[in-house]
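Engineer: Sequence:
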Amino acid sequence: MANFLSSVTSLFNKKSQSVLGIDIGSSSIKIVQVSKKNGHAVLDTYGELALGPYSGKGVGESVSLPEEKLIEAINDMLKEKEVNITTLTCGVAIPFASSLMAVINMPTVPKKELENMIPIEARKYVPVPISEVTLDWYIIPKDKNAEPLADSASTDEKKVPAQLEVLIVALHNDTINKYKNIVTKTGLDVGFFEIEIFSTMRSILDEEVNPVLVVDMGASSTKLYIVERGILRASHMVEKGSYDITDELSKSLGISLTDAEYLKREKGLLGETNGIALKNVASFTLNYVFSEADRFILTYQKKYNKDVSKVVLVGGGSALKGVVPFAKEILETEVVAGDPFAKVVAPAFLEKVLKETGPEFAVAVGVALRRLQELD
4 MANFLSSVTS LFNKKSQSVL GIDIGSSSIK IVQVSKKNGH AVLDTYGELA
54 LGPYSGKGVG ESVSLPEEKL IEAINDMLKE KEVNITTLTC GVAIPFASSL
104 MAVINMPTVP KKELENMIPI EARKYVPVPI SEVTLDWYII PKDKNAEPLA
154 DSASTDEKKV PAQLEVLIVA LHNDTINKYK NIVTKTGLDV GFFEIEIFST
204 MRSILDEEVN PVLVVDMGAS STKLYIVERG ILRASHMVEK GSYDITDELS
254 KSLGISLTDA EYLKREKGLL GETNGIALKN VASFTLNYVF SEADRFILTY
304 QKKYNKDVSK VVLVGGGSAL KGVVPFAKEI LETEVVAGDP FAKVVAPAFL
354 EKVLKETGPE FAVAVGVALR RLQELD
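Letter by letter, the sequence shown follows residues 4 to 379 in my numbering.
Bear in mind the hints are in silico, worked out from the structure with no lab data behind them.
With beta-carbon atoms standing in for the labels, derived distance ranges:
#  : residue 1 : residue 2 : range
1  : 333       : 89        : 42 to 50 Å
2  : 379       : 257       : 50 to 58 Å
3  : 250       : 69        : 18 to 26 Å
4  : 179       : 242       : 18 to 26 Å
5  : 254       : 114       : 51 to 59 Å
6  : 126       : 179       : 13 to 21 Å
7  : 304       : 332       : 15 to 23 Å
8  : 69        : 233       : 35 to 43 Å
9  : 339       : 108       : 26 to 34 Å
10 : 331       : 233       : 23 to 31 Å
11 : 209       : 335       : 21 to 29 Å
12 : 350       : 111       : 49 to 57 Å
13 : 304       : 108       : 18 to 26 Å
Yeah, the Cβ is synthetic: ideal placement off N, Cα and C, and Gly gets one too.
Using the sequences plus the hints, can you model the full thing?
Structural biologist: Now the structure itself:
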């Protein structure tokens, strides 16, 4: 069984080692290098490389590159002098869109029996033959003090709910082989592949008791997922992302996509250009995304009778100036920008920059932290 569902653990060791966390997105590659020094994860370097130019398109634009172009881009990133990467030991995140996740209900039975039942039940949710995917699963405890499932259903049966909630994760074998081929041809020493959701959870969440909604706004899509007690409980994909805002700015202002992307990054939702308020232009995409998030929250609250206590924004779209208060208006709850670099030690003079760019690097930081743990 594949280990996609990794737990979040603390980082304490006296060794000094360096590792990479690599996030291959639809519009860019992000890499974070951290090392373990005096028991702490220390930021060595980080960088981002736009993928648009490798397909003849602009910076920030979402593209689907063939393997050879991705290999070229990763090699360029590894050689970039300004980033100054010094290790090939890494972990790699796999996009959420390449996976399938579902929470299913199963009867209370011994673990060994459950292991045989889950692949059969998973066929109802996986649209391809089970033989073509790598399947992982995790029993969701009912509460913080829930007992592990007994090896035999006997005296412990009263402690275990009649129905178990099980999180299943399926990843197509072709996807795994694709990423294996990419890292092999770049010379990377990869320790694992991990679906990006779990990387993000590791980097931005602490031991949250109440449900938290994570909104990961990428270039072409936005991922929504609710986490409770460190466990993924629900997920949803919205087919709109930050590049839709770039496109809207380009059309509304009559400027090139390149200029629109620059304007979006510089001003976000603040101010105006040629008498047109940028917030009004961007609101079509953002209203859609956060309205979907609101419906997602309501569905969860209705099903489990629990309120979502907080919303955390990550991804490139969350770096837009003014997006946090915009989201708060729609969701009517606490909204914060994720701060993955808070999990690592970094020079004080970088604090402001890392706060601003941090949400974009949530996946890469999370991957790097796990890879560092695995070297213990």
